[in-house]
Structure formats: C-alpha cells, structure tokens
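Novice: Chain by chain, the residues run as shown.
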Amino acid sequence: MIPVFVIIPLACAFVIPLVAKKYEVLAPAVAGVGSFLLLVFSIWSIFLLGGDGHVVYEVGNWQPPVGIPMVVDGLSVLMLLVVNVTGFLSLVYSVPYMKKFTSARYYYTLFALLLAGLNGVVISGDLFNLFIFVEITAIASYALVAFGTERQELEAAFRYAVLGTLASAAILLGIGLAYSHTSTLNLADMAEVLSAEGAGGVVIPFVTVLFVAGFGLKAALVPFHSWLPDAHPAAPAPISAMLSGVVIKTIGVYALVRVLFNVFGMTQATTDVLIWLGIISMAVGVLLAIGQWDFKRLLAYHSISQIGYVVFGIGLGTPLGIAGGLFHLFNHSLFKSLLFLNAGSVEQAAGTRKLDELGGLSEKMPVTSWTSLVASLSIAGVPPLCGFWSKLIIIIAAFQAGHVIGAVVCIGTGIITLASFLKVQRYAFFMRKGEVKDFIKEAPLLMQISMVALAVLCVLVGILFVPFLSEVIQPATDVLLRGTGAFADFNLLGV
Amino acid sequence: MSLYFMALVLFCIGVYGLVVKKNLIKKIIGLVIIENAVNLFLILTGFRTGGEAPILERGMEAVPEHFVDPLPQAMILTSIVIGLGVIALLVAISVRIYEKYGTFDVTKITELKG
Amino acid sequence: MKEHGMSLPVKRITRITVALIFFYGLYIAIHGHLSPGGGFAGGVIFALSMIHIVLAFGRENTMKVLSGAAASMLESAGALAFLLIALGGVFAGAFFLNFLPEGEPFSLFSAGTIVFSNMAIFVKVGAGLFAVFLVMALLRTDDSVQNNEGEDR
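Residue numbers (our numbering), protein chains in the order written: chain A, 50 to 544; chain B, 1447 to 1560; chain C, 181 to 333.
Simulated from the structure, these hints should not be mistaken for lab results.
A couple of the hints might just be wrong.
To be verified - With the C-beta cut set under 7 Å, the calculated list includes, among others, these residues of chain C facing chain A:
1. SER252
2. MET253
3. LEU260
4. LEU263
5. GLY273
6. ALA274
7. PHE275
8. PHE276
9. LEU277
Said to hold, decoys possible - Now the stretches of chain A that chain B is said to cover, found in silico as 3 or more residues with beta-carbon under 8 Å:
10. 213 to 224
11. 388 to 397
As the list claims (entries may be wrong) - Each computed DSS-like pair below joins lysine-lysine, with the alpha-carbon atoms no more than 27 Å apart:
12. A:LYS403 x B:LYS1546
13. C:LYS244 x A:LYS71
14. A:LYS70 x C:LYS244
15. A:LYS148 x B:LYS1546
Just so you know, even glycine gets a beta-carbon here, dropped at the ideal spot from N, CA and C.
Only chain A is shown next, with the shape it has when bound in the complex (with noise of 0.2 Å):
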C-alpha cells in the first residue's frame, strides 16, 4: 500500500485543473480530501511497520537491483508525519487565505506537486529516483514562492531556482559519480557494494562532498543559505510554513542524512562536518536574526538557525544525539509553521509584517496571539512545550559526546531566540501603541483552525514526549544507527 503516498497527491495535482475550472470550489475541496486522507495513510504507517521494522514495496513488480522499490522504515514514518500533519494544516488554512488570489487552482495543483514530491522523496529507496522527486518539490516550490508575482516575489524565486538549480547539478554529478563507482542506483545495492569494498577510495569522499553542497544548499545550511531569508517571506504565508517547516527538512536534512548514514557510512571527516555546519548554521542564523523587524523574514533567519540544531545533533552520531536531532526536527515543523501561519493572519488583518508598525493584537485576535504565544514559548525553549525537550537532549547529548562548544553555542542560541521571540511578543502582540486600528479583525475560522491544532500538537507533544520518543523517535533514530547495515536485511530480495 505504500505508493498511495504518490499516487493520492499525484491524482489531486492532475484533477484540480480538469475540474475546477468550472466549479472554482472544488480546487481546494479536492487537496483538502486528498491530503486528508494522506494524514490519516501516514498516522496509520507507524503502525504498519512489524518487527523487522520495514516495509519494501517493489515498483512494477522488478525485483531489486534492477527495479526501483518503495522504502518505508522508522525514519521513513516520522518524515511523512511531519510532511502530512503540517501539509493538511497548511491546506486548511489557505482555504480562505487564498481568496484574494486570482486563479488559486493552480495553487492547489502546486500544493499538490509539492506533497508528491515531499512524500516521493521519503518513501524512495532509490538514488535516482530520489533525485527526481527533490526536483519535483524544488520546481513546485520555485513556482509557488513565484505565485503573487508581485516584484520581490519574482526576484526571490529568481534567486533561489538559480541556487536550487545549481544545487540540482551538483546533486546529479554526485549520483552519476556514485554510480559509474558502484554500477547500481539502488540504496540498499549501493550501501552493500560500498561497505564490501571498505574505505580509501577518492570518489565516495568527493561525492560525499558534492552532496554536502548540494542537499546543504538545499537545507540552507549557512555557507549556502543567502536564498532562505529573502524565498521562505516571499511566498504566501501557507507556503512559507511548508518551506520552513517540511520542505528544507525534506530535500536537504533528510535526503542529505539517509544518503550519507545509510549508504555512504559516516566517517570522522563528515562526522565532523555536519557538527561544525550545525554549529555555524545555529550561530549565524541566530544572529542575523536579531536585527530583523520583517516578522516573516525574522522567522525565515531563525529557521537557519533552528536547521542548524537539527544538523548538529544528527552529526553527534551518538543515539541521545540523533534522537534529539530528529525530535527537534519534528518540533520545529510544528512550531515554526505555527508561526509563519500567524505571520500570515497579522499581515492579512494588519496588511503590515512590519513589527514597529504593529502593536496591541492581542485585544483583536486573541486566537492568533495566544497561539503565537505557544509557538514563540516552544521555539525559545520554555519547559513543558515541545521545543524544550529537543533542545534539552541535545544539548545533554552534547555535553556526552565531550562537545562542549557545540553544547555552549546550543544554549547562547537558545537564549538569544528567547529574546528575539519576546521582541515579537512584545511589539507585535502585547505592546499598544497609540490606538489599534479599528479594521484589524480575527482571521477566520479555518485559519483559527489550523493554528489553535498546531498549537495543541505543540503541547500535546511537550506534554506526552515519552511515549512519543518511544513510539517515533526511537525507530527512526535506529534507522540512522544501524548505519550502512539498515538494509542489510532486506537486500536483494528474492535474488
């Protein structure tokens, strides 16, 4: 049943533009059943896993290594809970906020493209064909951050399909190296050639450095993260969510990670690598941040930031360190979409993102406020919310690996985006500034929504982090242990 993860989006992007040309309402009706049903597909995969904790699904019947399989394992499971929960979310709150658009279908067929592609890139346990589903969502995402085609827009998405392209380049130079090495595209094939030739080759190292750039730039780790700040505030306040949250999880930390855990195997050099572009990335990010009184682009920098957590704690190696890593890559989908949906609400109500310009929200838009309230508490680090826990394991983890200056960096970190959130707080929300503008009203329903179920999955998360470590975290962060071995098992079947 795994390829209903492509098959369900890839079906929604090919109806809407037959059908909702006539019957405009039935664009997002259509998106909404379709990623409906891919939350409740992907809810229902943690439970599909048995004991070997895997589940292969051969493509046109062509047994492995000439076919292209299907892979869901541990990893697998938490990525498509982060890219549905957040993508059904997001849908339901762009139902009314894309009114004003003209021709929304086609942002429905988008949407739909980038869940495809989200979910293709997932469930591939295939080089090449992993490649072509990063496309696919790196296309869906060029056009989408390009869709009010107003003149930021349009240059941002310039800027970052030229980066992205690049990127891609890089990325295609690195699997067509890796293949001319090993004669075989399929993960599980390439991990076992790899691992039976052992180290000292020069081509593995130097694609790993190619893939390094490419997924990096892609992630938007900090040498290669000048696109983020001016693409994720660019498009519309649903995508910006789905860009921050999911989409630079997806194509570069996951991709990035399963390649070079998976296939490649970790050695001191990348090991060193990730821990030292985390590190750079949670500084850097953080600091531009400070200045910045854009409300979305301020999201967009602590978004590097928040990445660069992820990143270091993966690259620990150690299995505190990748399961606070992958814990804080789930809170961060869930409390950063939250906040890049209320960024949305205030400037549609406000029709400013300007912080200086806002002021006294808290009294119109309760509903927007106390959620934002939550996410900010949750992306600071404020116990018992989500985003304390992660933080709180990798910095422990840290300390255990004997990385002290990582662990340092974790919490000057988190104690300048304490600040920086109690400065959105303040000025956006609680401070009043002469009279609140009189037409500043709540957003509506669907929008209230979507925002007050992220921020009950922000608590609930903080709140019940055990049973959900055990549940979620735990096989994915075996997944990334087992190393070049967690296909072994599987390997060549039926051959």
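With chain A held as given, fit chains B and C onto it using these hints.
Specialist: Below, chains B and C alone, put in the same frame as chain A:
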C-alpha cells in the same frame, strides 16, 4: 580523458556566464550550459570504446558486452526533461520581472537585500 | 478586419507540412517501444507542429483550434491517463505493473501498457509544451496558465 576535461571546460564556461553576466537571460543561458556539462559528463561515464547503441533490432543477438551502458542515458533523458521544466519556469519568471522592473539588468533589480 | 499571420504561400505550405509533422510525432510515439523515441520525443514534435500553426496563421486563429485553457486541460488529462494506467497495475498486483499481454517482440502490437503510457505522455508533453509556448507568446494579455511542467518524463 580529454573528453572529460572538455566537460569540465564547458562547466566553467557556464559558471562564468552565471556569475559574471548581468542580464537575466544570459544568466539562464549560463545555467543551461552548466546543466548540459553535467549531462555530458554523465553520458561519458557510461561510454565504452567501440560500444554500440543499446537498441535491440529484429534478428540481432543481445550481447551485453558490446553495448554502452544505457542507464546513464535514461538518467540524462530524465534530467534533460527536468531541466526543460526549470528553464521554462525561469524564463517565465524573468519575463514577469521585465514587466515589473522594465529591465533584465540584475544590478537594477534590487528590492531584496539577500 | 486585419489579416492575421504570414503571407498566403506560407499558409498554403504550412497546411501541408503541419499534418506531416504531426503524424511524424505520432509515429515516434507509437513506435516508442520498438525504436528510439517515445512519448516525450513524439510529444515535443506534436507541440512543434502546433507552434508551426501559431507562426503561420497567427495566434488568434490558432486559439480557435486549441486554446491555452484547452491545452492545459489536455495536459492534465494526459497525466491523469498515465496515472490511471499505472493504477491499473495496482489491481493486477503492483503499481506500474505491465498487466496487458506482452505479445511478440518487435511487432507493433506488443509491450502491453507501454504503448498506452507512451500515448498518454505524448498528449501530456505535447499539450504542456504548447501551453508553455502560448503563455510566453501572450503574456501581455493573459490571466493564463502558470506552467507546471517537468514532473513527467
């Protein structure tokens, strides 16, 4: 070996065009050259001296040793199609940019600070 | 009323050559499982034949035959057909399973679902590329299609 080197030269030409040129369309052309350099390089990795095209005709015997590797070719075909999509999107965006800004010159298109 | 397009000889000759180009594209697509080519290459040639008409007769006349909106619909229909063929495999066992009889190698009626997949791609790519061309050609007057190319092969 010299062929691989030529692909590298082509790649560098593309990077030059992308970085130095100020016109959006010329930047896109640079990007196309980069993509094609990568594609060319990957096609070359599948090449075998004296190899034939991997197409089976009627009455022909399949001798895998005589064929060049078809998988890179299939990959590149896909990659060309992806490139087509990206380029179409980029050109559409830059036409829109021209409508808004009245120029293709990147030094004049500076609403955002990066 | 102003005459659209190019001069009379061009139109005359285009009337003949367009059909040739179109059928060449169709040939490439139908023989996709036997020789180089296939749905994508054939679809590109199909789009080229339509662009040919635009160049010779002007876009107003062409839009009467196949408008941008219709091309966009056709593109989605082609993609949907491709997905349905792949879904047909699910009911026979696996996604993308070739569930039709495969027939004799090297004969035109062989290779099961591949022929139909090629035809779906032919329609999708042809209509999609033509829609992209139209968007570029009439960007000034439009509320027309955002393109979403590149997800197929």
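Novice: Please name the hints from earlier in the document that this structure breaks, with their numbers sorted from lowest to highest.
Specialist: 11
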